[in-house]
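*Asks:* Residues per chain, in single letters:
2 protein chains.
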Amino acid sequence: MREVEETKIIYSGKVVKLRIDYLKDGGKKIREVVEHPGAVAVLPILSGDRVLLVRQYRYPIDEWILEVPAGTLKNGESPEKCALRELEEETGYRAGILKKMLTIYPCPGYSTESIHIFVAYQLEKTVQRLEEDEELTVVEMSVDEAIRELLNNDVADSKTLLALLYYKYVYRGLQ
Amino acid sequence: MREVEETKIIYSGKVVKLRIDYLKDGGKKIREVVEHPGAVAVLPILSGDRVLLVRQYRYPIDEWILEVPAGTLKNGESPEKCALRELEEETGYRAGILKKMLTIYPCPGYSTESIHIFVAYQLEKTVQRLEEDEELTVVEMSVDEAIRELLNNDVADSKTLLALLYYKYVYRGLQ
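Sequence lines, in order, name chains A and B. End of the first sequence sits at 174 in numbering that gives the first Met the number 0; the numbers just go up one at a time, nothing left out. End of the second sequence sits at 174 in numbering that gives the first Met the number 0; the numbers just go up one at a time, nothing left out.
Honestly, I wouldn't trust all of these hints.
Repeated chains share a single entry, so a pair holds when one copy, or any two copies, can fit it.
[Stated by the list, open to error] Straight-line alpha carbon distances no greater than 20 Å define the calculated EDC-like cross-link-like pairs of lysine to aspartate or glutamate that follow:
1) K23 with E2
2) K13 with D132
3) K28 with E130
4) K16 with D132
5) K98 with E131
6) K124 with E139
7) K124 with E87
8) K13 with E34
9) K73 with D61
10) K73 with D132
11) K99 with E2
12) K99 with E148
13) K27 with E148
Treat the hints as calculated values from the structure; they're not laboratory data.
Make the full structure from the sequences, and use the hints.
*Replies:* The following block contains the structure:
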């Protein structure tokens with residue numbers, strides 16, 4: 000880390016925490032950093048190459064977009080536990096097998112966030128339990144249909160397209 | 000957009016702008032939104048399937064990571080103009096051909112940012128011109144070497160891995 004003269008917490012909210020670092024180098028250099036606890040995303044695989052995705056309303060972009068089930072790490076929670084929890088809360092399915100595929104930085108220029116992307120198998124129906132600010136519906140489609148829909152949209156959710164392309168073209172060949 | 004009772008700008012800086020919307024629904028619901036002007040990323044293709052990437056120091060994560068050349072849209076700038084500018088500033092190469100591959104939302108849960116991802120051909124050497132807060136070195140490698148390095152790292156830059164996987168497995172088949 001570059002040497003920091005002073006740090007100021009600008010805002011500490013429910014989702015976003017913003018801090019400014021004043022660098023120790025004689026100038027007036029600052030760095031603006033969104034602090035994020037980290038997140039998970041899960042690609043849930045049903046039989047026959049079909050996947051469970053969610054159509055979710057995202058307030059910042061004011062759009063319903065196609066996404067893998069995902070969520071933010073709670074304090075002290077492991078990525079695996081968070082992935083199983085978010086999958087069950089958002090889709091109403093419990094996974095028998097969960098495997099890590101990869102971890103990504105979505106916006107390393109201004110955010111500390113990393114997203115752990117898992118694949119889940121052996122899905123068993125339980126009950127969906129959405130949080131107050133979640134608006135989503137669960138959809139089932141094939142991997143190819145999901146990729147096609149994301150690429151046909153003007154803008155695709157990054158973690159979702161990456162999870163699908165990685166699963167289809169890299170991960171399955173490794174198994 | 001959900002009905003908003005009041006909007007408060009918490010911070011308006013060089014990179015990050017944070018606003019809070021107080022929703023009009025009787026409760027105390029708020030939405031925290033990082034406003035972002037949008038960004039571009041460019042996968043520059045040399046002859047023989049070799050690509051130009053940058054190893055860049057990213058302050059928020061305190062790491063040097065492998066990335067495609069990328070940057071933020073300036074006021075009124077088109078994505079294409081921004082892509083050509085950032086490519087030349089960061090790598091010292093001017094592109095003869097620039098084509099849009101796809102556009103992604105990196106963090107639709109809390110940020111308005113979208114990233115337009117381009118592929119660039121017919122590269123001609125000019126001069127690198129880094130901004131004050133940019134620390135990077137240019138590297139040349141094959142598409143496969145780049146994918147391998149990103150997957151061998153603990154955490155990969157999202158837009159870069161997506162640009163490479165999309166280029167290798169989808170885009171080239173479309174040409």
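*Asks:* Now, for every hint given, state plainly whether the structure supports it.
*Replies:* The hints, checked one at a time:
1. K23 with E2: Within one copy only: 5 Å inside a chain, 43 Å across chains, cut-off 20 Å.
2. K13 with D132: within (11 Å within a copy, 30 Å between copies)
3. K28 with E130: Classified as between; 13 Å across copies, 40 Å inside a copy.
4. K16 with D132: within (18 Å within a copy, 22 Å between copies)
5. K98 with E131: Neither way: K98 and E131 sit 29 Å apart in one copy and 41 Å across, limit 20 Å.
6. K124 with E139: within (14 Å within a copy, 48 Å between copies)
7. K124 with E87: within (9 Å within a copy, 52 Å between copies)
8. K13 with E34: both (12 Å within a copy, 17 Å between copies)
9. K73 with D61: neither (25 Å within a copy, 23 Å between copies)
10. K73 with D132: Cα proximity of K73 and D132: one copy only (16 Å, versus 33 Å across).
11. K99 with E2: neither (34 Å within a copy, 39 Å between copies)
12. K99 with E148: Between copies only: 18 Å across, 24 Å inside.
13. K27 with E148: neither (46 Å within a copy, 36 Å between copies)
Against the hints set out earlier in the document, violations occur for numbers 5, 9, 11, 13.
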